[in-house]
Amino acid sequence: MGTFIAIVLAAVLTNNFITVKTYGICPFLGVSKKTSSALGMGVAVTVVMVLATLVTYPVYEYVMKPLKFDFLEIIFFIFIIAALVQMLEKIIQKLSPSLYNTMGIYLPLITTNCAVLGVAELVINDGTMEQFLSGASMNIGWAVLYSFFAGLGFTLVMIIMSGMRERLNYYKTPKALAGFPTAMVTASFICMAFMVFTYIQI
Amino acid sequence: MNLLEFTTQTWITVGIVAAIFAGSALVIGALILVVSKVFKVDVDEKITKILENLAGANCGGCGCSGCSGFATKLASGAGDISDCHVTSPEKKAEIAKILGIELRDEERTVAVVKCNGGATNCAEKFEYNGNPTCASCASLLGGNKMCATACLGCGDCKEVCPENAIEITDKLSEVNPDLCISCGACMSACPKQIIERIPASAPVYVACSSKCKGKDVMSVCKVGCIACGLCAKSCPHGAITMVDNLPSIDYSKCTGCLTCVSKCPRKIIIKRDVAKTEEQKTA
Chain A
1 MGTFIAIVLA
11 AVLTNNFITV
21 KTYGICPFLG
31 VSKKTSSALG
41 MGVAVTVVMV
51 LATLVTYPVY
61 EYVMKPLKFD
71 FLEIIFFIFI
81 IAALVQMLEK
91 IIQKLSPSLY
101 NTMGIYLPLI
111 TTNCAVLGVA
121 ELVINDGTME
131 QFLSGASMNI
141 GWAVLYSFFA
151 GLGFTLVMII
161 MSGMRERLNY
171 YKTPKALAGF
181 PTAMVTASFI
191 CMAFMVFTYI
201 QI
Chain B
1 MNLLEFTTQT
11 WITVGIVAAI
21 FAGSALVIGA
31 LILVVSKVFK
41 VDVDEKITKI
51 LENLAGANCG
61 GCGCSGCSGF
71 ATKLASGAGD
81 ISDCHVTSPE
91 KKAEIAKILG
101 IELRDEERTV
111 AVVKCNGGAT
121 NCAEKFEYNG
131 NPTCASCASL
141 LGGNKMCATA
151 CLGCGDCKEV
161 CPENAIEITD
171 KLSEVNPDLC
181 ISCGACMSAC
191 PKQIIERIPA
201 SAPVYVACSS
211 KCKGKDVMSV
221 CKVGCIACGL
231 CAKSCPHGAI
241 TMVDNLPSID
251 YSKCTGCLTC
261 VSKCPRKIII
271 KRDVAKTEEQ
281 KTA
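As they're listed, the protein sequences go chains A and B. So for the first sequence, the numbering used here puts the first residue at 1; every next one is plus one. So for the second sequence, the numbering used here puts the first residue at 1; every next one is plus one.
Some hints here could point you the wrong way.
Stated by the list, open to error - Here are the simulated DSSO-like pairs of lysine-lysine, each with C-alpha atoms no more than 27 Å apart in a straight line:
| no. | chain 1 | residue 1 | chain 2 | residue 2 |
| --- | --- | --- | --- | --- |
| 1 | B | 267 | B | 125 |
| 2 | B | 211 | B | 158 |
| 3 | B | 40 | A | 94 |
| 4 | A | 172 | B | 158 |
| 5 | B | 73 | A | 34 |
No lab work stands behind these hints, which were simulated from the structure alone.
Please model the entire structure based on the sequences and the hints provided.
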């Protein structure tokens, strides 16, 4: 139970993907103008993160490690994730056109998203995961749990950001700061707010 | 087993790595092929053909999410081509042919702002120093203008216009008919609802939306319609009728004689520079 809570807290708050690790900044700044699209992007990233971990973790552990070409992990993971997203897009388009219309448009954007590659990399990195596991041995269950809650943390920050940007639209900003510069300032404030969570002792 | 220790020669190791990539690319490629075969979606040929003929402005004026949404709606039998105000009549005829339906005759339309007030002509209720959008200004006692249907001049219409066709001069917005695609974005953005569509070839338009009686208008606005009815009486073709204290012009009867323009005591029936506009469109 302790490990479970540690992983959830780490993935959502203390090691949040956007604000602490600065992964996935492109969707964070690009798709956060509206809450609806931010939510769609967040859900899509969460789904792809879980699926990517489900595939890359076993491939790494049972194929790449025994055959000793695990140093190719980054290129291989990009390979696998890109193919996975392509297939997922096709499958969703066939099975549920309505889901495809709301979420499918974000899938091509995720193909080479650093947050997805980041979670696949982190769960195979012993040094990163050890601090949350507190002695328990790493397995695919923990990996998927971590990736799912990392996705939720990503969605959380996306929604906070889009909510703030929507509110900021009501105010006239100085011309030099209007638009993207304001978004950068907003992003820095959110990141500073999330620094508080790094003091949580797990 | 260590794949990379079969040999000590570097180039063979590189070859092995390349082979690993080639092999995995083959496997993944085959997987994608199988999935795309199994989950193939039959896209209606009609939709792609209609989409080719639509203007592609993605303005959302039809109420759908972009042109592809509108094409899907049209292909399914729902929706009306005339909902799109951007596509040219020739292209619409092409779409009608694809759908196998008759196309109604219709003319290109443009939006006009039916107010001539601005900062100097229309009196103000109070000085507004709030958030400079029409929507928030209008939510405060219906805006800072004495006239209930005056242009507030904060430029909500300018913000939403996809073609940058709207200019704000002296707290009054004006649509440039050469750039206007009649998508209707400004019409729905205006909290006062004083932007309307008129035919692009219309020789005149009424630049006032006030439905109040003459005396009330007289006291607040220098250029408001006082509902005297001179235009309706003087029009030689009977194209103008008075509706709700405002002249309403039937453009099918209007010949462009401009009698109303010269008769109007408040100069609110405005002559449009049609010849130039239409020339530019055909050129």
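Hints violated by the structure (listed by number, smallest first)
none
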